[in-house]
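Asks: Going by my numbering, the first residue of the sequence shown is number 1, and it counts up by one from there.
Some clues are possibly wrong.
Claimed, not checked - Label-pair ranges, simulated between beta-carbon atoms:
{"id": "1", "residue 1": "E113", "residue 2": "T239", "range": "25 to 33 Å"}
{"id": "2", "residue 1": "A276", "residue 2": "S328", "range": "20 to 28 Å"}
{"id": "3", "residue 1": "D155", "residue 2": "K63", "range": "26 to 34 Å"}
{"id": "4", "residue 1": "L326", "residue 2": "K203", "range": "44 to 52 Å"}
{"id": "5", "residue 1": "V194", "residue 2": "I223", "range": "12 to 20 Å"}
{"id": "6", "residue 1": "T169", "residue 2": "S423", "range": "47 to 55 Å"}
{"id": "7", "residue 1": "S138", "residue 2": "I223", "range": "22 to 30 Å"}
{"id": "8", "residue 1": "I186", "residue 2": "E219", "range": "36 to 44 Å"}
The set of hints was computed from the structure by calculation and includes no laboratory data.
For glycine and all other residues, C-beta sits at the position ideal for the given N, C-alpha and C.
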Amino acid sequence: MTLDLRRRILTDPYSSAPAILIIGKTGSGKSTLANKLFEDDEKFKTSDSRESCTQFCQCDLIKLHDDECIEYNLVDTPGIFDVRKPNDETLKEIARSIVQCSHGTIAILYVIEWGKDTLEQKATTDVILKFLGEKESSRHMIVVFTKCNKKQTEDRYKMEDDFGDYFKTFLEKVGNRWVIFPNPEIFDKPNDPVVERHMNDLKYYIKMMPKPYTTELFEKVRIAREKELQEIESNEKKTGVVETNKKIDAGINAAKEGFEDNGGGCFSLYSKVILADGKRIEVSQLNIGDKVFCGEKNGKLIFSEIYAVIHTDNQTTTQYQRIDYLKSDGTKGVLRLTPKHHLFVSQGKTIFAEDVRAYETELLLFDGKKLIPVIPHRVTKEWEVGYTAPLTQSGKIVVDDILCSCYAVAPPYQQVINFVMISFRFYLWIIPNPDCKKEIHPYIRYLKRGQWILEQIDYFNTIVKRA
1 MTLDLRRRIL TDPYSSAPAI LIIGKTGSGK STLANKLFED DEKFKTSDSR ESCTQFCQCD
61 LIKLHDDECI EYNLVDTPGI FDVRKPNDET LKEIARSIVQ CSHGTIAILY VIEWGKDTLE
121 QKATTDVILK FLGEKESSRH MIVVFTKCNK KQTEDRYKME DDFGDYFKTF LEKVGNRWVI
181 FPNPEIFDKP NDPVVERHMN DLKYYIKMMP KPYTTELFEK VRIAREKELQ EIESNEKKTG
241 VVETNKKIDA GINAAKEGFE DNGGGCFSLY SKVILADGKR IEVSQLNIGD KVFCGEKNGK
301 LIFSEIYAVI HTDNQTTTQY QRIDYLKSDG TKGVLRLTPK HHLFVSQGKT IFAEDVRAYE
361 TELLLFDGKK LIPVIPHRVT KEWEVGYTAP LTQSGKIVVD DILCSCYAVA PPYQQVINFV
421 MISFRFYLWI IPNPDCKKEI HPYIRYLKRG QWILEQIDYF NTIVKRA
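Please build the complete structure, drawing on both the sequences and the hints.
Replies: Now the structure itself:
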């Protein structure tokens, strides 16, 4: 956290200046762009090393136009949308970024390093739009390209000619608001007219933005922060002790809860399942009563009915275990599920997704006719917005052609959990409420109290294996 942010929080904890949010992947040039807007090369810390770039929230008030008295809160974010999992300190700084946007965002400066992998960029863009509210964020977004060559920077038409179909489509979505932040190594002269033109274009776009917008998460954080500040100030009056650190961190826990993964077991919203009619749809499109493919026996495909969706959300940024494998026809396949989710291995047992090992673990792949063993060639972690947790009558479901369990978190004993879930199905028969949203179904929370029994069984089995 910068000294500027600390001073601002202490001197004006209720500041409602609209935010200009600078986002992008680590090392794309976010902090350098912020310093250019401040016309101060040392305002925010920057680094030439990709590994040591901004991992903390930096922000300060700024006036972009000399003839205006409007102040903005310029927020330079840590690598919020990087694939790697942030550590606890980075999560805290991400939360601070969210707190700084809790009074509304006037503009989103999306910094993109030119020449990077388009597929990875597309995935990052999708996550950003969903996290910030796809419709509203598109209306407030300005794309800033960095590390472009000299010809692209000097000639806008040259840059447009270099856009592929993906960038053309994406830029149309954000109103064709884009500029180039000239490479300081190429355009290093003071008051360079090319640099001035692009920076003036950027300021103009910001000036023409509609009124600030907010999201459900940002509004939740604003309310939590104001409530915490009032409680802190009330306590200060009673005790006479100034609680500086608590004021600085007011609202951070609410922000972290909104950003961190859900801690349970779910599928990506965009994973695919197979319906009884052979149609493939995204998991998020499943409805109660749909019959989905859940395995095969003696060459006969088996389908099972969706009887509940116990947990779903389309805003929370969630950590997934990404499992890459090759299908029988040689094409690439990818499965995403949360680390504590269960999936089947070739021996018929279930394990946690976090225990899958590349070139070692045998999963079960549907090849179009039957389930066959497949060994993944890559296992990584990545972040994506949203999750969902459907339940089938059989407790099994084939997702992205891999046989998975519908269960998670508890030790992976499929048959035992199937037996326990009979009471849940009976509960739904009495009190129909099969479709839960962000809060996990209350009866499932109740059942989790008995999780310790499975943990004891798991512990006992571990002792037996070691003997």
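Asks: Flag every earlier hint the structure violates by its number, smallest first.
Replies: Structure breaks hints 1 and 5.
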